[in-house]
Amino acid sequence: MTTHAIPASHAHAHAKAKRYTGIMDWLTTVDHKKIAILYLLAGLLFFVIGGIEAILIRIQLIKPLNNFLDAQTFNEMLTMHGTTMIFLAAMPFVFAFMNAVIPLQIGARDVAYPFLNALGFWTFFFGAVLLNISWFTGGAPDAGWTSYVPLASNTYSAGEGVDYYVMGLQISGIGSLLGGINFVATIINMRAPGMSFMRLPLFTWASFIACVLIVFAFPALTVGLVALMFDRLFMGNFFDVADGGNTILWEHIFWIFGHPEVYILILPAFGILSEILPVFARKRLFGYSSMVFALVLIAFLGFMVWAHHMFTTGLGPVANALFSIGTMLIAVPTGIKVFNWLFTLWGGSIKITAASLYAIAFIPTFVLGGVTGVMLASAPADYQYHDTYFVVGHFHYVIVGGIVLAVYGGLHFWWPKMFGRMLNETLGKITFWTFYIGFHLTFFVHHFLGLLGMPRRVYTFLPNQGFDLMNLISTIGAILMGVGTLILAINMLLSFRQPKGQLPNDPWGDGRSMEWALPSPPPEYNWKQIPLVRGSDAWWKEKMEGNTEMQPAEPLGPIHMPSPSILPFLMSVGFFVAGFGFIYHLNWLTIAGLLFVLLCMAIRSLKDDHGYHIYPEGVKE
Amino acid sequence: MAGNQTVTNEAKHHKLEGPQKHIIVYILSLALTIIAFAAVAAGGLGDTFTYTILVIMAIIQAFSQMAFWMHMKDRGHLFPTIAIISGVVVAFLMVVLAIYWCWW
Amino acid sequence: MSAHQHAEGHLPHELEKATLEGRNKILGFWIFLGAEVVLFGTLFGSYIALRHQVLDGPPPEHLFQLPMVFLMTLILLTSSLFSVFAVQAMHRQKVKVLIGWLIGTVLLGLSFLGLEIYEFVHYVHEGHKVSASAFGTSFYTLVGFHGAHVAFGVLWISLLTFQLFYKKLDTIMAPKIYISMLYWHFIDVVWVFIFTVVYLMGKVG
Chain A
0 MTTHAIPASH
10 AHAHAKAKRY
20 TGIMDWLTTV
30 DHKKIAILYL
40 LAGLLFFVIG
50 GIEAILIRIQ
60 LIKPLNNFLD
70 AQTFNEMLTM
80 HGTTMIFLAA
90 MPFVFAFMNA
100 VIPLQIGARD
110 VAYPFLNALG
120 FWTFFFGAVL
130 LNISWFTGGA
140 PDAGWTSYVP
150 LASNTYSAGE
160 GVDYYVMGLQ
170 ISGIGSLLGG
180 INFVATIINM
190 RAPGMSFMRL
200 PLFTWASFIA
210 CVLIVFAFPA
220 LTVGLVALMF
230 DRLFMGNFFD
240 VADGGNTILW
250 EHIFWIFGHP
260 EVYILILPAF
270 GILSEILPVF
280 ARKRLFGYSS
290 MVFALVLIAF
300 LGFMVWAHHM
310 FTTGLGPVAN
320 ALFSIGTMLI
330 AVPTGIKVFN
340 WLFTLWGGSI
350 KITAASLYAI
360 AFIPTFVLGG
370 VTGVMLASAP
380 ADYQYHDTYF
390 VVGHFHYVIV
400 GGIVLAVYGG
410 LHFWWPKMFG
420 RMLNETLGKI
430 TFWTFYIGFH
440 LTFFVHHFLG
450 LLGMPRRVYT
460 FLPNQGFDLM
470 NLISTIGAIL
480 MGVGTLILAI
490 NMLLSFRQPK
500 GQLPNDPWGD
510 GRSMEWALPS
520 PPPEYNWKQI
530 PLVRGSDAWW
540 KEKMEGNTEM
550 QPAEPLGPIH
560 MPSPSILPFL
570 MSVGFFVAGF
580 GFIYHLNWLT
590 IAGLLFVLLC
600 MAIRSLKDDH
610 GYHIYPEGVK
620 E
Chain B
0 MAGNQTVTNE
10 AKHHKLEGPQ
20 KHIIVYILSL
30 ALTIIAFAAV
40 AAGGLGDTFT
50 YTILVIMAII
60 QAFSQMAFWM
70 HMKDRGHLFP
80 TIAIISGVVV
90 AFLMVVLAIY
100 WCWW
Chain C
0 MSAHQHAEGH
10 LPHELEKATL
20 EGRNKILGFW
30 IFLGAEVVLF
40 GTLFGSYIAL
50 RHQVLDGPPP
60 EHLFQLPMVF
70 LMTLILLTSS
80 LFSVFAVQAM
90 HRQKVKVLIG
100 WLIGTVLLGL
110 SFLGLEIYEF
120 VHYVHEGHKV
130 SASAFGTSFY
140 TLVGFHGAHV
150 AFGVLWISLL
160 TFQLFYKKLD
170 TIMAPKIYIS
180 MLYWHFIDVV
190 WVFIFTVVYL
200 MGKVG
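Residue numbers (numbering that gives the first Met the number 0), protein chains in the order written: chain A, 0 to 620; chain B, 0 to 103; chain C, 0 to 204.
Since the hints were made in silico from the structure, they are not lab data.
Any given hint could be a false lead.
Said to hold, decoys possible - DSSO-like, lysine-lysine: derived pairs with alpha carbons at most 27 Å apart:
1. A:Lys606 / C:Lys95
2. B:Lys14 / C:Lys202
3. A:Lys527 / A:Lys350
4. C:Lys16 / A:Lys527
5. B:Lys20 / C:Lys93
6. B:Lys72 / C:Lys16
7. B:Lys14 / C:Lys128
8. B:Lys14 / C:Lys93
9. B:Lys72 / B:Lys20
10. C:Lys16 / C:Lys167
11. C:Lys167 / A:Lys606
12. B:Lys20 / C:Lys175
13. B:Lys72 / C:Lys202
14. C:Lys16 / A:Lys606
15. A:Lys606 / C:Lys93
16. C:Lys95 / C:Lys167
17. C:Lys95 / B:Lys14
Given these sequences and hints, build the entire structure.
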């Protein structure tokens, strides 16, 4: 079935390997472990930016008729907050963990396409930078993260803001698609001997399904953005009603992408939960098969419910009923997962750490978000909730109370594996409580604000409608979340004062999956010998039989590694330049950027990479 | 590897596939294309019936080219098949929404 | 398909599948094709939604010339057959024959593009433009995207053919050629739906 890497190079090993140091090492790396760190850093950067945008929004809304931000700036702030958090913070966090953990969990030395992995990161990064440059060039996009037409068309958004949205996301989207393809192929083809699909750790399963969603959802966004671009830049008429265009078409295309997108974000979070809970309950995950089945069902249904964002557009009762029922159905496999997590904890020997706090808190918080989701799923009721703060409360409960809690937990959990240091537990717990209390203060009141009739995306509100106190509480909560995050940032920085390489392979002691069989952090090549997997929870199995390391599945030998390359970085610069060209109608710049990309692709094709060999201890050169 | 198995594998592998099946697919594709064009050029068949013919001709042609020219029917193509079918499902949703759920 | 050893030391016949890297490339490309199905599916969906919004422009029944579309279809179909023969030559290690079929594929691809450009220029003269109506925009986006894919394929296959003149046909070149041929077949499959949905259904009305 699966085999270890047979060197693609010819019989002779290349003795002279191109190795870089310092910044060049990071710009040219194709190592999944380094790329994970790059994704994490970028994700943290944009998470902070998005967080600042959120706090600015909340300051504007701290009291009625405030004038801290004017309406235009407020619209840009809310657009960028949403776009940044979803595309530029959550997605890279997900890719960071997938890169850091999956090859280790499946017993591989790297992902299927190390070069494309790097290209995926750099295109994501330059797309993100392009989008954020709009702040400095006369206006960020201001049509919401959903960029509905006709608001986003030239008629109502004449500046370049929405063009930055289109080009920034288009370029970033290339990165996401590449990452998705990479991990699907990696998980299919690069599993160690004995690692059957039903022995995969759940984080790998969840990521696999999420990446399948990426592969089939992102192309729809690509077309939507192209269509919007053609309308805005080339006098196209996809969405211009006067010339035959259709505005509902945008909503359909966007949400056929957009709904799977939120499952792309939450599924890996579910995976993280399923990794953390068994370790800190010292008990194996309850109901493995049903967990896998639930993931598949959630993913499939996730593609069938997009129009629940469109209940009030006039689709008609039949469509509304279908999408309503479909949406409610998703609660079933999700509920299966929730119960399985609870049954995992029940009867376990629970250890409270920062990581397990986040994981345990996830469960009721995400369920709260889920039940308001079922409320929203009822089409007739949605006529009341739609475009109010009720919706804002719902999605922040599932995104922040779901994804962010899982990410924070995952950071604590896998920090030793990624960096060879531990995050401080005391600071971690302080962050948890500050953030968690702040979170509920911020978003719980949103449900009531919505029910009282406060619309979303409004830059201010009139006094004495019952909104004042709750908005104040919400803003206080947001500041608390900021404080908690700041403490986490300090925690992360302080951890680097610890010397590297002092930690055991399995610092939590109760690791179950194979990443805990490797040093913290692992060597460049991960496995000296590809491991033999003899059951689920492969590392736990070996430990229970008294082994201190995984059994090898291959003899000791030279290890073939892919060469680093500057091309992914350069290609992304090319896309970035072309993006500018499109936005400012500078055809020569666009052509130059795209030609440069093609040139880099040609170089990649012409110059074969034969890689280089590493000779671990005991192997003769 | 067992001696017998090696011999059988080698025998199988030495039998390289010839061009016959592929040429048949070519002729089939040509025929399906001609039928489709003829149905439209002739006219007078009624819109629904013509559309049905067109769709069926296209699907058969697409399927045979993928199965034979792209080797989708050969062993080792489970995941490729799943990938294409999943894509088709989503594409089908797009077409349905375009026909039924876009109005002015 | 694993790399199996011949006692005599010959290379395996399906070179492209002989290494893990090769198998990875092929699998990854199929997954990419699944994504492309969604991409074109969305373009088709948009076209289907908007194709009747002709406004004052020339309607499809008048614009589309079936004989030319048939010729273009024939050209692309034949080029797809050529690429089958190319892979078969590759499996037989006949590099010169392989190069011949690849050049044939590229030449037919260029002819297709030439006809399509001629067609578009003609349409623009008739008033059928991107900016004219929703029909115009969605037509040129869908058919243009396909044409762009053909153009990229022509460049890609040309680059690979050029490499075959000085590189060995080995386990590194074989997967590249194989996936470029998968790509070429795929764009012919997409064309089947384009001539059906755009041109033929356009003529029916």
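Comparing the hints with the structure gives:
Between lysine 606 (chain A) and lysine 95 (chain C) the alpha-carbon distance is near 22 Å, which keeps this suggested pair within the 27 Å criterion. Annotation: proposed proximity of lysine 14 (chain B) to lysine 202 (chain C) is violated, straight-line Cα distance about 47 Å (limit 27 Å). Using a Cα cut-off of 27 Å, the hinted pair lysine 527 (chain A) and lysine 350 (chain A) is violated, with the two alpha carbons roughly 32 Å apart. Distance hint between lysine 16 (chain C) and lysine 527 (chain A) is fulfilled; the C-alpha atoms sit about 25 Å from each other, no more than 27 Å.
This hinted pair checks out: lysine 20 (chain B) and lysine 93 (chain C) have alpha carbons roughly 20 Å apart, not beyond 27 Å. Proximity of lysine 72 (chain B) to lysine 16 (chain C) is assessed by CA-CA distance (about 16 Å); at most 27 Å being required, the pair is judged to hold. Under the criterion of a C-alpha separation no larger than 27 Å, the hint pairing lysine 14 (chain B) with lysine 128 (chain C) is inconsistent with the structure, at around 53 Å. Distance hint between lysine 14 (chain B) and lysine 93 (chain C) is fulfilled; the C-alpha atoms sit about 16 Å from each other, no more than 27 Å.
Note on lysine 72 (chain B) and lysine 20 (chain B): the hinted pairing holds, with a Cα-Cα distance of about 12 Å set against a maximum of 27 Å. For the given pair, lysine 16 (chain C) sits about 16 Å from lysine 167 (chain C) by alpha-carbon distance, which is consistent with the 27 Å threshold. The hinted pair formed by lysine 167 (chain C) and lysine 606 (chain A) meets the criterion: a straight-line CA distance of about 13 Å does not exceed 27 Å. The hinted pair formed by lysine 20 (chain B) and lysine 175 (chain C) meets the criterion: a straight-line CA distance of about 24 Å does not exceed 27 Å.
Straight-line distance between C-alpha atoms of lysine 72 (chain B) and lysine 202 (chain C) comes to about 34 Å, which puts the hinted pair past the 27 Å bound. Distance restraint check for lysine 16 (chain C) and lysine 606 (chain A): the Cα-Cα separation of roughly 21 Å lies within the 27 Å cut-off, and the hinted pair is therefore satisfied. Taking the CA atoms of lysine 606 (chain A) and lysine 93 (chain C), the gap is near 23 Å; set against the 27 Å cutoff, the hint holds. For the given pair, lysine 95 (chain C) sits about 12 Å from lysine 167 (chain C) by alpha-carbon distance, which is consistent with the 27 Å threshold.
A threshold of 27 Å between alpha carbons decides the hint, and for lysine 95 (chain C) with lysine 14 (chain B) the separation of about 21 Å falls inside it, so the pair holds.
Checked against the numbered hints above, the structure violates hints 2, 3, 7, 13; every other hint is satisfied.
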